[in-house]
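Starting from the known structure of chain A, arrange chain B on it as the hints suggest.
Number of protein chains: 2
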Amino acid sequence: MNKIEIKAPYLIFVGSETDPTEAKTGAGMFKWRPELCTGQLVLKSGGLPIDLPLMTIAQAKEAGAKTLLIGTAAIGGGIPDEWLDTLEEALNAGLDIAAGVHKRLNDIPRLCAAAQKSGARLIDVRIPPKNIPVGTGKKRRGKRILMVGTDCAIGKKYTALAVEKDMKKAGLKADFRASGQTGIMIAGKGIPIDAVVGDFISGAAELLSPDNEDDHWDVIEGQGGILHPGYSGVSMGLLVGSQPDAFIVCHHANRTHISGWDDFPLPSIEDVINLTTTVGAQVNPAIHCVGVSVNTSDLNDNERKGYLDALSARLNLPCVDPLKGGTNKIIERIIAEFPN
Amino acid sequence: MNKIEIKAPYLIFVGSETDPTEAKTGAGMFKWRPELCTGQLVLKSGGLPIDLPLMTIAQAKEAGAKTLLIGTAAIGGGIPDEWLDTLEEALNAGLDIAAGVHKRLNDIPRLCAAAQKSGARLIDVRIPPKNIPVGTGKKRRGKRILMVGTDCAIGKKYTALAVEKDMKKAGLKADFRASGQTGIMIAGKGIPIDAVVGDFISGAAELLSPDNEDDHWDVIEGQGGILHPGYSGVSMGLLVGSQPDAFIVCHHANRTHISGWDDFPLPSIEDVINLTTTVGAQVNPAIHCVGVSVNTSDLNDNERKGYLDALSARLNLPCVDPLKGGTNKIIERIIAEFPN
Numbered sequence: 001m002n003k004i005e006i007k008a009p010y011l012i013f014v015g016s017e018t019d020p021t022e023a024k025t026g027a028g029m030f031k032w033r034p035e036l037c038t039g040q041l042v043l044k045s046g047g048l049p050i051d052l053p054l055m056t057i058a059q060a061k062e063a064g065a066k067t068l069l070i071g072t073a074a075i076g077g078g079i080p081d082e083w084l085d086t087l088e089e090a091l092n093a094g095l096d097i098a099a100g101v102h103k104r105l106n107d108i109p110r111l112c113a114a115a116q117k118s119g120a121r122l123i124d125v126r127i128p129p130k131n132i133p134v135g136t137g138k139k140r141r142g143k144r145i146l147m148v149g150t151d152c153a154i155g156k157k158y159t160a161l162a163v164e165k166d167m168k169k170a171g172l173k174a175d176f177r178a179s180g181q182t183g184i185m186i187a188g189k190g191i192p193i194d195a196v197v198g199d200f201i202s203g204a205a206e207l208l209s210p211d212n213e214d215d216h217w218d219v220i221e222g223q224g225g226i227l228h229p230g231y232s233g234v235s236m237g238l239l240v241g242s243q244p245d246a247f248i249v250c251h252h253a254n255r256t257h258i259s260g261w262d263d264f265p266l267p268s269i270e271d272v273i274n275l276t277t278t279v280g281a282q283v284n285p286a287i288h289c290v291g292v293s294v295n296t297s298d299l300n301d302n303e304r305k306g307y308l309d310a311l312s313a314r315l316n317l318p319c320v321d322p323l324k325g326g327t328n329k330i331i332e333r334i335i336a337e338f339p340n
Numbered sequence: 001m002n003k004i005e006i007k008a009p010y011l012i013f014v015g016s017e018t019d020p021t022e023a024k025t026g027a028g029m030f031k032w033r034p035e036l037c038t039g040q041l042v043l044k045s046g047g048l049p050i051d052l053p054l055m056t057i058a059q060a061k062e063a064g065a066k067t068l069l070i071g072t073a074a075i076g077g078g079i080p081d082e083w084l085d086t087l088e089e090a091l092n093a094g095l096d097i098a099a100g101v102h103k104r105l106n107d108i109p110r111l112c113a114a115a116q117k118s119g120a121r122l123i124d125v126r127i128p129p130k131n132i133p134v135g136t137g138k139k140r141r142g143k144r145i146l147m148v149g150t151d152c153a154i155g156k157k158y159t160a161l162a163v164e165k166d167m168k169k170a171g172l173k174a175d176f177r178a179s180g181q182t183g184i185m186i187a188g189k190g191i192p193i194d195a196v197v198g199d200f201i202s203g204a205a206e207l208l209s210p211d212n213e214d215d216h217w218d219v220i221e222g223q224g225g226i227l228h229p230g231y232s233g234v235s236m237g238l239l240v241g242s243q244p245d246a247f248i249v250c251h252h253a254n255r256t257h258i259s260g261w262d263d264f265p266l267p268s269i270e271d272v273i274n275l276t277t278t279v280g281a282q283v284n285p286a287i288h289c290v291g292v293s294v295n296t297s298d299l300n301d302n303e304r305k306g307y308l309d310a311l312s313a314r315l316n317l318p319c320v321d322p323l324k325g326g327t328n329k330i331i332e333r334i335i336a337e338f339p340n
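If you're matching them up, the sequences are chains A and B in order. Residue 106 in my numbering sits at position 106 of the first sequence; the count goes up by one each step and never skips. Residue 7 in my numbering sits at position 7 of the second sequence; the count goes up by one each step and never skips.
No lab work stands behind these hints, which were simulated from the structure alone. Quantities reported herein were computed from a predicted structural model and do not represent experimental measurements. Please note that the accuracy of each hint is not assured.
It does not matter which identical chain is used: a pair holds within one copy or between any two.
[To be verified] Here are the computed lysine-lysine pairs in the DSBU-like style, where the Cα-Cα straight-line distance is at most 35 Å:
1) K103 to K130
2) K173 to K117
3) K139 to K103
4) K138 to K173
Chain A extracted, bound-state conformation:
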């Protein structure tokens, strides 16, 4: 197996957390894949303010759940001791456990022992699968659209999920392809590209969007930023391995510098378009930008419209905020440019 796969349906577990911001994986799971969620389990009364029934492990098992999914913030965080009784109970009941937190499930002896006994799996989505090959660059069938960014943490995953949803609504065949741990939890499969050894990044990206039907779109979650001082290698390898036909630049309206690298001005959208096109053309000469997705959360409705209209005129591209109005303008552009 060279791709992580998580079995649905899921029981969402968020410890004692009831704030969706802190339980963003669990909340995101329900937002994007409600059909895969059976229930939620919270260690205090209440629960997440989402429309999922509170369940015990026995109830979830009875309802068909296959995996307990740890839904607290994927970046940072651990597995507190007070969760262990619950997690062990889940394993004893035959549920797999999947987590994207820093602490590895497979490093906790008590959980390993319980998993071994029941045959349940401990799935650490931050650990890439073994036996990833070097990228071949060979052209694959099907269409691919990659999210790229002027920075990290700028909406690439959200945009990809919104594009997948809006493409399906428009009658296109589309699958979100997850390249990061939160995305993998949501999609139930994928490869954590940033955890792959350098020589195999493009190869991992090739596995992530395999050969497909000619009119099928892989909507690939981006990572890092191609002009980022820390993560450009990952972005570059993902770009080259994805051989995208199209890409969307993700941006934040009010960000001026690379987040956490304050000496670095944010690259312009044009710079990102040009560099992505230059590099991507090596593996797919037809590559081009089909739109820009902007986080405009700091703007009011009037400002947002003005900003997006001006950007659209400047770049001659559809520019949207996926949270405010979806990505349909970009989908229309894609349909116009890729008629089947």
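Frame of chain A, contents of chain B only:
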């Protein structure tokens, strides 16, 4: 420790191999660092045709050797059983063993046991050190020159070692910085950049060429190729982390396609210069190309001169074959452009 370090002087060990092509790490070691080599140990009569005395382990130890260096071809290859008596004897005598072959020294129980007993180290130069941070992009003091290539296996290591040697002859302060296993064996230290996890490639490159005196040059071995379908992520991360002031493009006069990726035409030298400059400028706006190093082994002397002269006129850059006449034309350009 977040850099591999091998203690000199070395006893070069090449098993039963006496052909310098097959024992290229050993032969290269002596070519570039004769002052670090105490002797050679070969399991049959003869030895490598290099000016190093044949020694037993006892003699090497007596002569001050600190490390037995396995000098057979670094790419591929293993540790044959018939070497184990000799390697165990070296560990018993307190010599470290360093190797860049695929098979890990640390996976051979007999060697692990002997090393533990004597306190000697087993150094697998393909395994990157732990605790590599994410790249910061912070400007470091000192000057850096990076080898980049139109392809893999095109002379980047050789060129870097030749540039280091010629810089020192010209009175400049210079250190070769090894980013691959053979280079690390020769330099005695370095980081195997292509074995580092994606998120930390730039950070590894930053460790490789740390803060230094203002007039000191780090001559950084390149990896992969920025437009390579398999390895561009590694090249990109190394470029961004190296924040080079200058770079040299390495090329092969008669190569038309990417070696082993026959569907891909070789990118032009101009394309590599432009992309390297665009990306590198993000971390060092002064970056520029100072020359081209070409493997012209397929050309005769007349053809070589014609080729290099025409290339030099086309690019307005010094173009050399480091094997045929050294890199002095490039060193002169560097001295002119970076007066101290």
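Broken hints, by number: Structure breaks hint 2 only.
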